[in-house]
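> These are the residues of each chain, in order.
There are 2 protein chains.
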Amino acid sequence: GTEADNDLYINQAIVFIEDAIQYRSINHRVDSRSLWLYRWYYSRTCQWILSLTITIILALAFFEKPSSLTVTSDVRYRHPAWNPPCGLTESIELLCFLVFIIDVSVKSYLIGWEEFWKNKWLMAYILTLIVSLTDWVVSLSFFCTEVVRVRRILRPFFLLQNSSMMKKTLKSINSTLPEMASVVLLLAVHLSLFTMFAMLLFARTKDGQQDKEWVGYFRNLPDSLTSLLVLLTTANNPDVMIPAYSKNRAYSIFFILFTVLGNLFLMNLLTAIIYNQFRGYLLKSVQSSLFRRRLGIRAAFEVLSSLREAPANAQQSYVSTGALIRVLQKAEMDSRCKQAIMRSLKMCSCDQLSAAQFQKLFEELDKDAIKQHPPSPEYQSHFMQKIQFAFGHPYFGYLGNIVALANIISICVVLVMDADKQPSERDDFFLGAINCFFILYYLLEMLLKILAMGLKRYLSYPSNRFDGLLTVILLILEIATFAAYGIPHPGWRPEFMGLLSLWDMVRLVNMLIVFRFLRIIPNMKFMALVVTTLLDLVKNLRAFAGILVVVFYAFAITGIMLFKGAVVPLGNIRLFFVADHLLHEENSRTVFQGKMWFHVWLSLDTSRLRLFTVYLLSVNLICRWAKIYFVAWWLISSVIWVNLFVALLLE
Amino acid sequence: GTEADNDLYINQAIVFIEDAIQYRSINHRVDSRSLWLYRWYYSRTCQWILSLTITIILALAFFEKPSSLTVTSDVRYRHPAWNPPCGLTESIELLCFLVFIIDVSVKSYLIGWEEFWKNKWLMAYILTLIVSLTDWVVSLSFFCTEVVRVRRILRPFFLLQNSSMMKKTLKSINSTLPEMASVVLLLAVHLSLFTMFAMLLFARTKDGQQDKEWVGYFRNLPDSLTSLLVLLTTANNPDVMIPAYSKNRAYSIFFILFTVLGNLFLMNLLTAIIYNQFRGYLLKSVQSSLFRRRLGIRAAFEVLSSLREAPANAQQSYVSTGALIRVLQKAEMDSRCKQAIMRSLKMCSCDQLSAAQFQKLFEELDKDAIKQHPPSPEYQSHFMQKIQFAFGHPYFGYLGNIVALANIISICVVLVMDADKQPSERDDFFLGAINCFFILYYLLEMLLKILAMGLKRYLSYPSNRFDGLLTVILLILEIATFAAYGIPHPGWRPEFMGLLSLWDMVRLVNMLIVFRFLRIIPNMKFMALVVTTLLDLVKNLRAFAGILVVVFYAFAITGIMLFKGAVVPLGNIRLFFVADHLLHEENSRTVFQGKMWFHVWLSLDTSRLRLFTVYLLSVNLICRWAKIYFVAWWLISSVIWVNLFVALLLE
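Quick note, the sequences are listed as chains A and B, same order.
Sequential numbering from 1 applies to the first sequence in UniProt numbering.
Sequential numbering from 1 applies to the second sequence in UniProt numbering.
I should point out that these hints are in silico values taken from the structure, not numbers from a laboratory.
Errors might be hidden in some of the hints.
To be verified - Residues on chain B that point at chain A, a partial pick, calculated with CB under 8 Å:
| hint | residue |
| --- | --- |
| 1 | 200 |
| 2 | 265 |
| 3 | 367 |
| 4 | 405 |
| 5 | 409 |
| 6 | 410 |
Ideal Cβ placement from N, Cα and C applies to all residues, glycine included.
All chains, full assembly: derive it from the sequences and hints.
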């Protein structure tokens, strides 16, 4: 019947509008039942459950068996890690898999069969699920004692496929690969030619005294290659050339040439190529999002225009205002936007809308909300007005900043004076007294500002919220200190009482005061600019960060699997990091396991991979595969690092 | 008289045309005598003498007293450095100063008094010369035993003032300083806040076992500041957090936060700012050069147009072709350009030139020479034509590349097999035989190519020149080897004879063969692209490199002066670089002196300044000023590094 048709059209329009708002594709089934399913699938609850499931399955690695998540990382002191019984993590995993199965079925159904066969991501999703479930069955049938768990490495895929931004970014990265491969090939040629030169230059001589360089770094082909590869990361930079340099200064020319060509030119070439590729990336992604939005709105218009019972003229289609209002009332969208659109609908006071008018109405969506602060209270009393003027003035804020600075400086002075003192010699009176004074000032400042601005206006500024929250916490801490340890007086150094010692309380208060000092940021023009830029950047870099997490996770899991119990202590004192860490853990053959996370983080973080050497050298003794693992990690992490960096440059 | 006037005009035109060719400013005196002086000053000989003088005065530092330029850097083996008698380097210096005085007087005279007072560079030049001469007099009156030599630090100024490109680049860098200062300020705030946090977090505790972190890195304010500053360079990255991390994994959050904010965001912000500043730098500099050229040509036109005895119409000025030909014959310029201009003058066959025509004639200057290879010889014999076709074909070149690759691989195989052998066990027969074969092939290839292409065409390709030269050198070496050691046979291992041992000869041959392998570069498309890009880049970066040299020189000299005999041996084995280097040089209190060059190079080269720590920690024991010196060097070198890098990105 026409009524049912009309309802369907209205529902379709609602879904298209919601698609437009969320920048989703409108490429899905539009029959009545599917629409209901679609709205349910993209409802906040369902998406939240999906995200939670992904988080849980990713977090499982921290609790599963070869992990060692404990407070301390020192094997001498740490308790054995909590070992979940077989079947616990596995049943959580199964629940997650069930959610994913529902997810993939709904997605496949909604997209329709024709689209389904074209969608490689969905196919990969199903394949991943099948492999994971098979692996899970194998795992349970061995009672969790199986050697390899393939499904762990596959886990980050679930994170990847759930974000369209990440998929898009991955596609961009993929298209850069051929050019990057060329540069990597060039690097390989550079490396191998120089290796041959080095082996000829630093060959073994008859005089045993003279060939330190050969003994240390160029004993055979793999050694030479490793030495120069590590030199490319500048990790062994001075050390590798010292023996040759001691013999003859001219040898340094070889190393300088190698470093300049490899590090300065070829490495930066890689950056330049990626930069060129990603130049228009952000712009293009914004454009395609906007295009999706336009498309969704247009689709809604077309659907609503076919709703009209009597098409007046076939040339141009129109939408009745009433239908649009019905759609708007049912669609889920930001209430501010909804009100704005309603308002302009009323102002237009026309009965029918053309396509252009329809699009124009929804331009409100693209606008950012301009925040309006609530007004200050209006006082009758002349005195109160004066107070309001005085304490609402920016200068009062500056005074607050100066006081905060004075507080920081006083803490700094006390720290410098007390730095070398034994804890028993320390007198907490001075710090306690001044902190007490300053906290009272902060409280006064907050109250006066609230008085001047009114509570609502005060809270509408983020800097005030930050300020007020910290002031309240400081006040509570201070009151708790006084309740437990009494009023400060000279020689105020009571023993441990309650949850925290006085010293810890004072330290905590001081840290919060240092943290509170960050309120000066919005007051300094350049700083505020930098901070807002950084925040914008972080928003844009989320997709990159997600991919970083995926790679990170996969590498960490692979590392844990590869080096499970593989590290034996080394006797090489020179590598003092390894020494420090491995030597005193002699009885632990599983040092790499728990620390893999941390280690992979470290090797990412140093960016030039100083640790890389240490690992290469230590792991070298164990197996050759480890070397390949770390070289791959170095290449990938440095490439992603450079990407992040370049995206920053695009600003 | 008119004749004298005419001669003057012609001379002026010549000078203006030469200014245009060299992109010089036309802002100088134009009377007859000055023009002669100007042409003399900018003649190739004079400019060459000036460059030589600058090179000599810069090179003096390698021979002057606190230097220690010897073959080996190891004090145990090295002979005492040659110590020039007092007055030798000083008299060379005086000669250089005399050249500079002539230079500055001529320059000041030519530019004219009015311009002179506006030109700050000339003033600075004169000031530098006065200070240097005064210092020189002081030096001689103390018989070269004075403590400080100020004039040495001033020397790089002579290099700086002689290049207009470097002056321009310096101006650009100068305009970026305020923004860079803001970021550095931000870094300082970041550093100091985190230092306070760290001091509160890692305070001394009652349990001596627990405060390793405090003992190692955060004992007092300077220690904490240094630890975190070095962490900013990622030099002590894992070490600094290990004690805290051992205690509680959560402490790593502090370090990760610090590194991400400081290294990832603030450091890259510096790069982004410099990038924005230098975005249009190359383009602008090319534009201003072209503008100078246009101006010079226009000035020549104006001068020549006032030469015409009978101005036909006052509205438009014309230049007679005859006058232009006279000017062209006398002007110094590229012969190819001269011929091209003459040719187009004849083709035009007009008697007078308008300003537009005049400018158009000289557009030839802006064109790059399109290289035409001489034709191949034309053989009559059918057989010779076939040979020519076969060996002139690109496939023959590819075959040569494949043979070179085979040679490389065979050398590689021998190297891998012989790597661990004692020199006495080594049999040079195999390598000698195959190298002999390959070199014969290379000779044959060269001869056949010459036959096919003709000698002239063969030599017109750079890759062939490279190839041929190396082949000839290899042939000579091989013949010399045979002459000294006979024909290779199994067990070919004769003792040392003549200048080089057989082993050294073979190694040299092998290195040359590896070097010859670079001929494949033009054959690979991507590689050729990269290499030409890099060569272009190097041209553009000359000015930056010059400034780098200036900064480098000044820092090295300052370092030599500051740390003269200041280093005492250290007992800290952990810093094994220092240990290796300082411990066994116990009796040398002047280790820093001679090595300063190398050290400054190293600390520049590692870019993230791993050595920086070592220096900071070792030098810390000596004096606080050293710390400031190294921090300054780190900031400046990293900034210049980033500049180079960013200029690369502009491509």
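> Hints first: check each against the structure and report whether it holds.
For each hint, the structure was consulted:
1. Evaluation of the residue 200/B hint against chain A yields a held restraint, the C-beta minimum of about 5 Å falling below 8 Å.
2. This hint holds: residue 265/B has a C-beta 6 Å from the nearest C-beta of chain A, less than the 8 Å allowed.
3. Below 8 Å, beta-carbon pairs count as interface contacts, and residue 367/B has none with chain A, the closest being about 28 Å; its hint is therefore violated.
4. With a least beta-carbon distance of about 11 Å to chain A, the hint placing residue 405/B at the interface is violated under the 8 Å criterion.
5. The criterion of a C-beta within 8 Å of any C-beta in chain A is not met by residue 409/B, whose closest approach is roughly 10 Å, and the hint is violated.
6. Interface restraint check for residue 410/B: the shortest CB-CB distance to chain A comes to about 12 Å, outside 8 Å, so the restraint is violated.
Violated hints, listed in ascending order, are 3, 4, 5, 6; each of the other numbered hints is respected by the structure.
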